[in-house]
Amino acid sequence: MIRFILGKLLYLVPTFIGVTIVAFGFVRVLPGDPVLLMAGERGISPERYEQLLQQLGYDQPIWRQYLDFLGRLLQGDLGNSLVTKAPVLHEFLTLFPATVELAICAIVLATLLGIPAGVLAAVKRGSWFDQVSMGTALVGYSMPIFWWGLLLIILFSGVLGWTPVSGRISLLYFFPEVTGFMLIDSLLSGQDGAFASALAHLILPTIVLATIPLAVIARQTRSAMLEVLGEDYVRTARAKGLPWRRVVGVHALRNAMIPVITTIGLQIGVLMAGAILTETIFSWPGIGKWMVDSIFRRDYPAVQGGLLMIAAIVMAVNLIVDLLYGLINPRIRHV
Amino acid sequence: MTATPDLESKPPAGTRRQMMAELWFYFRQNRGAVIGLWVTVALVLIALAAPLLAPYSPSAQFRDAFLAPPAWQDGGSSRFLLGTDAIGRDILSRLIYGSRYSLFIGAVVVSIALVGGIVIGLVAGFFGGWVDAVIMRVMDVILAFPSLLLALVLVAILGPGLLNAMIAIALVLQPHFARLTRAAVMAEKNREYVVAAQVAGAGRLRLMFRTILPNCLAPLIVQGTLSFSNAILDAAALGFLGMGAQPPTPEWGTMLAEAREFILRAWWVVTFPGLAILITVLAINLMGDGLRDALDPKLKRS
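Protein chains in written order, with this note's numbering: chain X, 1 to 335; chain A, 1001 to 1302.
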């Protein structure tokens, strides 16, 4: 097992080096002088320019600059934001919990609804439930989620007035950040209504972000179940006289879950892309909105750091999914 | 060696027609796929005939009708069936012209991604070894970034605009085609017909493009339709974020971005462009599902 893990890790090294080259190169291929870009829009004196040139290492050959960049990266230094002057890593870590909270809620919602829907659709293949749920799943899969979010705002915030339009919690509440997760922090604060407010803010963004993963999980579960239900061991289990419920719930579901778990894991990339749109629509203060804002503010160190961190997270999650896959399905390990 | 036998690359016309007939037979069984096909055909016709169908020019402003509601609502008139936007442009006309952009974006992006992916995948799969390793690691790097994020950053480098958005999306979608082609080539390249063609004296290029490629097309066609809808969604998302087509282009995502501040005052400015995106993407996905089932022999029997 350890060899399996090490092998997977080694395999990721070249990819991660590629990711650092992309993030490093991104600032270089931007049109214009990198020092002037870094200096912002006000411009600087020639002496300061020289000083910055040396300080930032742009007078060095390009490979040297890249190695310096890697060296700083290994020490956890992603540079400073041009706008706030704060370290990029610090900004990222401050905003990250908001995105994680939203993403966890979305993936939990998608899994809790998607797997039962997919199983039921497969078991009752061809029934009205199968047709309606798979039709809905295809609509969800085709949904432009930025529009879906706006529609939900019109209905639930505009017409019905049930949910707030943006943010993570009402401005009426203020409490110290303990975990960074608003749902938990609001409970810990013990203030009346704080948790309800946080929950109300979270509902619509969660639904929007969960839409595509939900559709994908439901479709994948259905097709995996259909495949498994046709297998010999399922027929054997039925022939033994086991109740249908047990055959579906134990024999079939357990085997069908293997591809489904992979699918759920692979949704992390979809979630990050979805977070960019969802957070923008709901003014959710997470890294998706931060990335978009940084791109528009031409805050290149922030974009560079954000790119690196997000790619690293996606790769780490994919690795964990890979390892889990090996854990549930021992046949994979030896291939 | 004067005349290479041409058997391997061109099945007789009768077989080809039979294959198409079989494909159509299975495709037709899927009601959703057929509906998707008709909707797509209708959309293409609308896009082609836009100047004939649209009541007004997409950029014509009617100063007497800002944010006029759709015809069936109080205050609406049959002059503007789906209402007008904040500067008095007819939404229906803009939607009709917008279909041109979405279909054009889908077609161009898929063409670039497909051609690029096929060439890269063929080279990687055919040559193997370090060429394959390097190419596939580069594809892994592209896939390590969430597609929309990478497209956003690429557009930030290239500058906002429809053309750059299309290039960025094509680049981001391309690894899927490369991987599929590579996997198919690896599976095919040691088969007997390929070896036979090689022995008969077929050159590398001919082996790659005429012998192997036609036998790898099925998964590529399915991926192509799915990428078509992804391209439309991503381009609309970039337009919505202000990085795609720029106003006053009647691109659906850009229309949504312009409409955002009016969501609580005028539901129709927001609802219709998104509905147009949804219907288009849904129709293409329905078709893609049908194609996948028709082309996949494993599912045919079940």
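Because the hints were derived from the structure by calculation, they are not lab data.
A hint or two may mislead.
Claimed, not checked - With a Cα cut of at most 20 Å, we get these calculated DMTMM-like pairs of lysine to aspartate or glutamate:
#, chain 1, residue 1, chain 2, residue 2
1, X, 8, X, 322
2, X, 85, X, 322
3, A, 1189, A, 1132
4, X, 8, A, 1064
5, X, 8, A, 1132
6, X, 124, X, 293
Results of checking the hints against the structure:
Proximity of residue 8 of chain X to residue 322 of chain X is assessed by CA-CA distance (about 8 Å); at most 20 Å being required, the pair is judged to hold. Straight-line distance between C-alpha atoms of residue 85 of chain X and residue 322 of chain X comes to about 38 Å, which puts the hinted pair past the 20 Å bound. The straight-line distance between the Cα atoms of residue 1189 of chain A and residue 1132 of chain A is roughly 14 Å, inside the 20 Å bound, and the hint therefore holds. With a C-alpha separation of about 65 Å, the suggested pairing of residue 8 of chain X with residue 1064 of chain A is violated against the 20 Å cut-off.
Only pairs whose Cα atoms come within 20 Å are accepted, and residue 8 of chain X paired with residue 1132 of chain A is accepted, the gap being roughly 18 Å. A C-alpha spacing of about 47 Å is found between residue 124 of chain X and residue 293 of chain X, which places the hinted pair above 20 Å, so the restraint is violated.
Violated hints, listed in ascending order, are 2, 4 and 6; each of the other numbered hints is respected by the structure.
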